[in-house]
Amino acid sequence: MLSDLEFQILLLSLQVAGTALLLMVVPGVVMGWVLARLRFPGKALVDAVVHLPLVLPPVVTGWLLLIACGRHSPIGQLLESWFGWRLVFDWKGAVLAAAVMAFPLLVRSVRLAIELADRDVERAAATCGASPLRVFGTVTLPLAMPGILAGLVLAFARCLGEFGATITLAGNIPGESRTLPVAIWQFTQMPDGDAAVWRLVTLSVLVSVAALVGSEWMARRLGARLGPA
Amino acid sequence: MKLELDATVERGGFTLQVATTLASAASGVFGPSGSGKSTLLGLVAGLVRPTRGRVVLDGEVLDDVAARIHVPTHRRRLGVVFQHGHLLPHLSVAGNLEYGERLVPPAQRRIKRDEVVELLEIGDLLGRAPRTLSGGQRQRVALGRALLCSPRLLLLDEPLAALDRGLKRQILPYLRRVRDAFAMPLLFVSHDLSELLQVCDELVLVADGRLAGQGTLGAIAGDARLLPLLHEAGLVNVLHGTVSGHEPAEALTQVTLDGGARVTCPLRGDPIGSRLELLLRPDEVALATTDVTGISLQNRLPGTIRVITAASDRILVTVDIGQDLLVEVSARTVQQLGLQVGQPVWILFKAMSLGGRG
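Chains R and G, in that order, give the protein sequences. For the first sequence, the residue numbers in numbering that gives the first Met the number 0 are 0 to 228. For the second sequence, the residue numbers in numbering that gives the first Met the number 0 are 0 to 357.
Same shape as in the complex, but just chain R (with noise of 0.2 Å):
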């Protein structure tokens, strides 16, 4: 059905988009319970810095990212010394690249979760006994977690989808960077790739239509335990 080269290219765009989405679960939930519940000075700074991403031309951020982790950035240069790391024309810059562009999707779906959550039942739970971090785990992030799922599902579609950013810090480099969308991008330049471009494109709807069904069958089970309490 599909030929070595597309399920390469497929394998890949799944694993760059699961391993950014893996990179992001934690901090993007701690982020988003930041934004939601504390109140500091320069919250708008961090705020607008995480949602950066969303609002630049993702070229601009890929270019940013390849200045501050780039062979000769002091961050690129301490990843190869201690991991052998380079993200240049790498597989891990095609992960970081789409995580960076992802992470805002996925805060902003937990911020509002956690904003939602109800915070009188969260102050039964204290009188209960449990300690601020037992009522995260067991109250707020259960009370969430259909906004955290849906958030995780919008921010693994926007990882497979990601293409600026991607190709400006990872380029094109097939087995490392060249995932979906740059694969087609890459057919439409040539004279004879619509075929090939008709068939990856279909890859892609089908790849998004399933995350989407997997997510809103997740939703469906987790609102039938909680319902309208």
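Keep in mind the hints are simulated off the structure, nothing from the lab. A portion of the hints provided could be inaccurate.
Label pairs and their computed distance ranges (CB to CB) [said to hold, decoys possible]:
(1) R176/G - A209/R: 51 to 57 Å
(2) P71/G - E215/R: 38 to 44 Å
(3) V24/R - P71/G: 26 to 32 Å
(4) V212/R - E9/G: 52 to 58 Å
(5) L22/R - I68/G: 38 to 44 Å
(6) W216/R - P71/G: 38 to 44 Å
(7) G213/R - D200/G: 58 to 64 Å
All C-beta atoms in this analysis are idealised placements derived from N, C-alpha and C, irrespective of residue type, glycine included.
Keeping the supplied structure of chain R fixed, place chain G upon it in accordance with the hints.
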């Protein structure tokens, strides 16, 4: 239980200032809405931080602003029942009951789950989700959850306010059972005096962020300045007694009140010998200086006037009939009958006036 309060809370333009010691087994806090009674409960629970002063429970300092002590809510070992229950919506009833219990070290668990489930009659609900429960069921589960935290003090924040009258009547006996079966100290906050009178033995009246009065109902009713607040809170007599006989043919039940007086009330289901509380509104009682016969009122009891409290528009007479009974009369009545403290009088009221209506 000994709760020492000497604290100020300031929140958004509202100030609560309290200085008192609560030492009775069941204290009832009442007052108009917005008076600060829920803030008082929040202060004890640690949900509201004082801006000045101390909160000490059984010798343990929970708050001391000067010494920078604030024991967080989860370390206070209290149980709280809120107006809307606030059950954990993602856990079953059983999960809610276990939630607090599991956080109590086994050695400190004074209350057994089976006993609570039996006492509150929630055995059939254990597998249910909170959102499928009725209001009354929800409050019983919330009460059970709070009890299973083995608290030193159970705080009740308007636990019946969201229930209709019929349900209130069903829940109140559970509160009394909890108080008696577990010897659990209560701090019960309500805007409805009649609820408190059926459970508590000491009352605290909060008005405009201050303690306006404290003591038994008799003590508070003796202060003319507090009468309007008492009426606003739904002043009612709660008569304690024992069922002594039934007359099903006439649809009446005989009750012997503590102190020996016998009264007749509408037929009750309680078996002979069981304890009960009867509610009697002060304005449904008549006073006479002599015994009156040939009258339709079923209940005629001799008593002695203990206190006469005169507020601007109404007069409250406390009559000792073996227990204190408040009777509301007009100023003209007092004048015409020449009522005085120490005077023997007869009180009269209909059997139908003795209700269990909340």
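*Falls inside 26 to 32 Å, the C-beta gap from V24/R to P71/G?*
Since the Cβ atoms of V24/R and P71/G sit about 29 Å apart, the hinted range of 26 to 32 Å holds.
*Look at the Cβ atoms of R176/G and A209/R and judge whether their distance stays inside 51 to 57 Å.*
holds (55 Å)
*May I ask you to test the hint 52 to 58 Å on the CB atoms belonging to V212/R and E9/G?*
For V212/R and E9/G the Cβ distance comes to about 53 Å; the hint holds.
_Pairwise beta carbon distance, G213/R to D200/G, judged against the given window 58 to 64 Å_ = holds (59 Å)
*In this structure, is the beta-carbon distance linking P71/G and E215/R contained in 38 to 44 Å?*
Holds: the Cβ-Cβ distance is about 40 Å, inside 38 to 44 Å.
*Note whether the CB distance of L22/R and I68/G lies within 38 to 44 Å or breaks it.*
Distance hint for L22/R, I68/G holds at roughly 42 Å.
*asked:* Against the range 38 to 44 Å, how does the distance between the Cβ atoms of W216/R and P71/G compare: consistent or not?
replied: Given a distance of about 39 Å, which is inside 38 to 44 Å, the answer is holds.
Hint check: no violations occur; every hint is consistent with the structure.
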